[in-house]
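There are 2 protein chains.
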Amino acid sequence: MKIEMICTGEEVLSGQIVDTNAAWFANVLMDSGLELQRKTTVGDRMEDLVSIFLDRSQHADVILVNGGLGPTSDDLSAEAAAKALGVELEEDSDWLKHLENWHSKRNRKMPASNYKQCLLPQGAVLVDNPVGSAPGFRIKLNRAWLFFTPGVPVELKLMVMEQFLPFFNSEFSIGQATQLIKLVTLGHGESTLADELNVIEVPQGITLGYRPSPPHVEIKIFARGEQAISALPDYVGQVKTTLGTALVTERFPTIAEEVHTLLKNSGKTLSLAESCTGGLLSSQLVEFPGSSDYLQQSLVTYSNAAKQKVLGVKESTLGNHGAVSLETAREMATRARALLDSDFALATTGIAGPDGGSEEKPVGTVVIALSDRNTCWQQTVKLSNRSRSLVRIMSCAIAYDMLRRRLLDEEPIVDYSFITRVNADIVRL
Amino acid sequence: MKIEMICTGEEVLSGQIVDTNAAWFANVLMDSGLELQRKTTVGDRMEDLVSIFLDRSQHADVILVNGGLGPTSDDLSAEAAAKALGVELEEDSDWLKHLENWHSKRNRKMPASNYKQCLLPQGAVLVDNPVGSAPGFRIKLNRAWLFFTPGVPVELKLMVMEQFLPFFNSEFSIGQATQLIKLVTLGHGESTLADELNVIEVPQGITLGYRPSPPHVEIKIFARGEQAISALPDYVGQVKTTLGTALVTERFPTIAEEVHTLLKNSGKTLSLAESCTGGLLSSQLVEFPGSSDYLQQSLVTYSNAAKQKVLGVKESTLGNHGAVSLETAREMATRARALLDSDFALATTGIAGPDGGSEEKPVGTVVIALSDRNTCWQQTVKLSNRSRSLVRIMSCAIAYDMLRRRLLDEEPIVDYSFITRVNADIVRL
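Chains as they are written, first to last, in our numbering: chain G, 1 to 429; chain V, 1 to 429.
Simulated from the structure, these hints should not be mistaken for laboratory data.
Computed from a predicted structure; not experimentally measured.
Keep in mind that a hint or two might mislead.
Stated by the list, open to error - In the EDC-like style, the derived pairs of lysine to aspartate or glutamate whose C-alpha atoms are separated by at most 16 Å in a straight line are: (1) G/Lys309 <-> V/Asp341; (2) G/Lys2 <-> V/Glu47; (3) G/Lys109 <-> V/Glu11; (4) G/Lys240 <-> G/Glu287; (5) G/Lys2 <-> V/Asp48; (6) G/Lys220 <-> V/Glu11; (7) G/Lys109 <-> V/Asp195; (8) V/Lys220 <-> G/Asp74.
Unchecked claim - From the derived model, a few chain V residues whose C-beta atoms are all more than 12 Å from chain G: (9) Ile52; (10) Leu208; (11) Tyr210; (12) Asn423.
All residues carry an ideal CB built from backbone N, CA and C; glycine is no exception.
Please model the complete structure; the sequences and the hints are all you need to start from.
The structure is reproduced here in structure tokens:
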């Protein structure tokens, strides 16, 4: 079973955009126990498209083609597919109706260029696109099924998950049963984790993979075949024991979603006071529907004036200890919580860089505080040699982890081998 | 002159890492007026490597091969190149000396695994690697020069800039000059833009491309050859005139960065009051270094309680008009501005979905307000049939655009053909 991918588009080939669709698709295949054998990227030249379709369709069984389905003149995939098949393009009346309805519902006239998207190669099977104007389609060419998908990531992802994989599974008898377990860790390096886990003997048919995706390192445990699957629970148990506090979620892809779910189910409320994270802490939670159940406010007090005026942080605290200090973080958290009497509050204040660092408090120095009604936990971490963006992402993850542990009645402050803790404090209120 | 790239390595093919080397190389080529014609990614299987070398070397003039030069057993590029040539690997004594000296200078013994890196295909020309243990090399296979480079980005980049390009320029006569112009639009569909721009006659050698990257559609104007480049300014001028208010930035990839720069240069200050955007408005600005120069605070008043307590929105306003109303948005903006007497304030309140919509205010209904000291502009937009994430992203972009126009002394509220405006109001304060 040979699976290949063909990515089209000058902007991908010319590096105007980094092709994340291909990486995403390869990961999805791996999650299904399948393997991408080759990936080819070509531009928007008709002859290049036709020749690559003709060439690869003689070697692969399934080819996912991505891009070139848009309404504009440089979108040539459908026409190239027709040329490769030696057929004409013909109008798909269903899709034309669909597009016309879409526009009329919105009291708009359908732009002429959308008509182009209703033209598919004769004999092609339409593949629905519930979120975009470009339909997908599939054709049989030589030995291969070519499955054409839009370049817009959200459209590609829906089409692959809802259409490609089901078609694929029905068309080809997927070999053995497989099972994939993902464990999401925080604060430990890929190699450190590998050194620790390599001690555990891996049962036959089980493979261990690592995927760094900041702020996490994701551990993928893949089992192929009944025997491996039955050995999985015991092995995963050993892995989790070894990971200890490094494991932050096994049911969601991020700690943010884990915390969101814990909070939603707990019925508790949360307030946030953000400085260096600048709204990211709040925004990552608001991304999930239902966050309004628990999130009352996030006060992004970026300036000292705001810290005083909005949160009532004492001028003396800022003066004596600075904006990036355990004391300031504590006042930010306790005041933010008190304002609406939330059950919990998180606060962040730090130096995200690239400038603003000092000998004593270099770039990457971040203080994070968690407060409930009775206690405030604060810690200063050093996120050195990381980009401004990564400092903010890591700060959010550590803040979530403190709250997550508190919600599970664990000690909120733990060691991360990959992150230096400068100091910490626990204050009874 | 056909240039191709072959990327090797399971970790690239399987999406464990996103291949940024290829995007970087394609950009370097474009800067030299050259074009990458095809990019192929294969794993670490010997037969795949040999067959792709044999296949592409019959079509391309130059092929940059990236990766597979490391010391470990899955680094097979040199051996595969030898097999493709039908020759043996032989020791490069110069490189062996070089590595031995490198280690002895550091009082280390050279690891056995490094010896493998001294083995090159017979007849291969060594290419120096000043920063790593893997030498590059080039071979002539069929019609093509294959240029082998290490996967480590810093090593690749040095080798391409200091060795590949000079070799390339001496070996081949360089192609024509090229120039790329990018125009970033907001609020208009790709197809609508295409319909409008297709009216303008495109000078010879100039190509027009579209790239939807929410919240924007980016327009790329590519000119190849002196004649096209000299025709570029006039053509771009016509395009910009046609785009009118759709064009939101031509110097940055996003409107967020445009607004960040305008604000930073203006010396003015900004406060934010966010509900449905939930901190995204703030976070996107904080992503840029120097945002602390102007951003004073963002009050993410997610609950009505927070809107009242933190911003002082009147209970009667929320009661009579609801949280998603011109009146509430106006109070949010004017209060947020007044708190620290900022020059400007932006406010957002809406229904991001997927639930919470009503007949009167369906999911996607968002009110955005901009206030300065004298005036408050508010508008209600309908971002229908968009994901929760996209509703928030579009809301931020529209808010930025209102402020951007205000900073340029333009009318803050304009029409977007792709976005329905329900109502709007301008209030003198």
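To see whether the hints hold, each was checked on the structure:
In summary, the hint linking G/Lys309 to V/Asp341 is supported, as the alpha carbons are separated by about 11 Å, within the 16 Å threshold. Of the pairs offered as hints, the one joining G/Lys2 and V/Glu47 holds, with about 14 Å between alpha carbons and a cut-off of 16 Å not exceeded. Between G/Lys109 and V/Glu11, the direct Cα distance comes to roughly 47 Å. Violation of the 16 Å bound is thereby established for this hinted pair. A threshold of 16 Å between alpha carbons decides the hint, and for G/Lys240 with G/Glu287 the separation of about 29 Å lies outside it, so the pair is violated.
About 12 Å separates the Cα atoms of G/Lys2 and V/Asp48, which keeps this hinted pair within 16 Å; it holds. The suggested pairing of G/Lys220 with V/Glu11 holds, with an alpha-carbon distance near 14 Å, which does not exceed 16 Å. With a C-alpha separation of about 12 Å, the suggested pairing of G/Lys109 with V/Asp195 holds against the 16 Å cut-off. Our distance criterion of 16 Å between C-alpha atoms is met by V/Lys220 and G/Asp74, whose separation comes to about 11 Å.
A cut-off of 12 Å between C-beta atoms contradicts the statement that V/Ile52 is not in contact with chain G; the least separation is 8 Å. Separation of V/Leu208 from chain G is inadequate, the least Cβ-Cβ distance of about 8 Å not exceeding the 12 Å criterion. Residue placement check: V/Tyr210 does not keep its beta carbon more than 12 Å from all beta carbons of chain G (closest about 5 Å). Consistency note on V/Asn423: stated as away from chain G, and its beta-carbon is indeed over 12 Å from all of that chain's, at 16 Å minimum.
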